[in-house]
Amino acid sequence: MHHALMKKEIASLRSRLENTGYIADDSLITTLLLMDQLGRPLLIEGEAGVGKTEVAKTLAILHECPLIRLQCYDGLDASTAVYEWNYTHQLLAMKLQENSKSPLSDRESRIFSEAYLLERPLLSAIRQPQSPVLLIDEIDRTDEAFEAFLLELLSDFQVTIPELGTIHATSLPRVVLTSNATRELSDALRRRCLYHYLEYPDKDKELLIIRSRMPAVDEHLSRQIVDFVQCLRKSDLRKRPGIAETLDWSAALLGMGVDDLKNNLDTIYQTRACVLKTRDDMEAASKTFLGRLLETIA
Amino acid sequence: MNLPEADTRLTGFLRYLRHEGYTVGIQETLDTLDIMQAGHQPDKTLAHHILRSLACRSREEWQQFDQLFEQYWFPEHYVEKSTNVRVARLYRRNALAGLAGASEEEMYNSGKNAEMAASGAGRQKTISRADFRFLNDRKAARDIEKLAENLATVLKKKSRRRRQFTRHGRLLDIRRTLRHSMSFGGLPVKRYYSQRRQDPPHLVIIHDVSHSMAWNNPLLFRFVRGLMRTFPDSDAFAFHTELFCVSTLYRERSLKIMRERLEEKNHLWLGGTCIADSLETFNRTWARDILRRDSIVMILSDGFDTNDPECLERELFQLNKQAKKIVWLNPMLGREGFEFDETFLQHTRDHVDRFAPAHSLESLQHIVDYLSASG
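For the record, the sequence lines run as chains A and B.
Positions 1 to 298 (my numbering) are the ones given, in order, by the first sequence.
Positions 1001 to 1375 (my numbering) are the ones given, in order, by the second sequence.
Okay, chain A solo, but in the shape it has when bound (with noise of 0.2 Å):
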């Protein structure tokens, strides 16, 4: 592609994503076109937060499409992620057959048809007629072997199933990985995909969020809200606060008429559970520590 033009394909898919209400940054934009036109997956990781879901959903919206999501965790198995056999209704149907006079293979052929798989979301994900969006969030939960299953589906948007055969997309999906890297992820995996690190945005963007997400609240209270969570990022904390703590925040203040952070410690205090997480932060953000970072903005 020209590069005049990719920077307005750049430029056009800003704006179609800013209507959907998702700032994005240049790089991220450029990754999301680079996904469609390579056809490859995308992972994307970062602190818990930071969107990356929301990429996914954004996507999802942005193409009028359907968003499959698949939502890893210890023990995750092939089972529950891809496909699965319908057993009350298989032995029901032998136990139906049990008398019919059609060969054995004719029978078993049946029992093991279209008729009585149960899609889950990959399977799902590559028999949409339209491409969907499909979402494999956190990724990182689950084990190596699940990892080295999705291979598979990966790099050739394929699914085997002993039974019926190698089923192949019907149509292929947007695929969007998202990671907290609890775990290193195999090179495999990793190199199938086009890979984005989402930081903590910066003042700008994150003023931008909040005015796009929460127009209700007025722009010097989002200034004000912006710089407080930007100076509590670089405190020494055990969960750093992301952009939804920043929105739930800015939804509790503008609910408790604040308009002026500035005289407000009390307010600051009572609602410091919406961006702190953990009890060690809770603790250590007193009052007076508050009181500091409230000074130090403008």
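Honestly, the hints are just simulated from the structure, not real lab data.
We treat Cβ as the ideally placed atom computed from N, Cα and C, and that holds for glycine.
It cannot be assumed that every hint is accurate.
[As the list claims (entries may be wrong)] Each computed DSBU-like pair below joins lysine-lysine, with the alpha-carbon atoms no more than 30 Å apart:
| # | chain 1 | residue 1 | chain 2 | residue 2 |
| --- | --- | --- | --- | --- |
| 1 | A | K262 | A | K205 |
| 2 | B | K1044 | A | K7 |
| 3 | A | K205 | B | K1044 |
| 4 | A | K57 | A | K203 |
| 5 | B | K1190 | A | K95 |
| 6 | A | K277 | B | K1256 |
| 7 | A | K203 | B | K1256 |
| 8 | A | K205 | B | K1190 |
| 9 | A | K203 | B | K1044 |
| 10 | B | K1190 | A | K8 |
| 11 | B | K1256 | A | K239 |
| 12 | B | K1190 | A | K234 |
| 13 | A | K101 | B | K1190 |
[Stated by the list, open to error] Which bits of chain B does chain A cover? Going by a derived footprint, with three or more residues having C-beta under 8 Å, they are:
| # | stretch |
| --- | --- |
| 14 | 1048 to 1060 |
| 15 | 1179 to 1190 |
| 16 | 1346 to 1357 |
Guided by the hints, dock chain B onto chain A, whose structure is given.
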């Protein structure tokens, strides 16, 4: 076929990234060339974004990319930084190792003189046997640190495997039994059970972070960090002349933040070692709250102690009474020519269940095997 100059420079850049440890294969090269078509000079920002998305595979690579990009494409802007990039990187690596007080030049020379211990065999095998202290290849060091962290997750998997389905047990696994009844026309001829889940081992790690351990610590740090993140109930302590609890720090997601906070708070690597005093602090302050009957205490230390061996024996005896096992990992143990001090051994062997080397990935693998067998 001669490539146009733009493409030659581009492939040169990809080669450079590969040299720096990035995984840039043929597919990545083709994709990059495809996107950055010859004849259209991309502007700096766009090229930077495109190449970063295509070439990076991890956070570390992502963060280092800016520097490499500038260095390759705009060396004129990079004169000052590039003069000692290698030293700077060595410094970063050693920041974790903690050669506090050593000059950058000293570090550069010490790095330059060291050679990777083994060669010829497969890379994985080679680096897993290599003594971490002599591992000068930056990519190999990074790989080995990553593998050390992953080893810990292997331990979790080994303990998880005990949840496998069995043919005997008390809890019937209905899903699997039904699945296998298909071949018997729906009759549950073969019954399957699931085994009771065993709790993961409770680990208490006591990590020597004194000056004499500095060289080994990147590897051990990653290993301990992996253990701490894999087993949320575990506890970690670090000591030199004092003991301090580092459980929360070792679970920190970002390696960089963990490193900074550790060094900033605890003044690591500066002093000598008081193992007995530190164990005394542990026994007095922490043991009652932390130790359980199934706790495995893992001491990571080279054993060089400024306290009396009698004191060490007394504290190990105390510790041994409360814990299930004491495992002592010594990075010096696997090295040629190292022998235990007879007095040290005399005072400790009755109270320590196992002394094991911890100088290479392979030795850490043995520890994982041992822990999973005894967990």
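**OP:** Report the numbers of all earlier hints that the structure fails to satisfy, in ascending order.
**Re:** Violated hints: 8, 10, 12, 16; rest satisfied.
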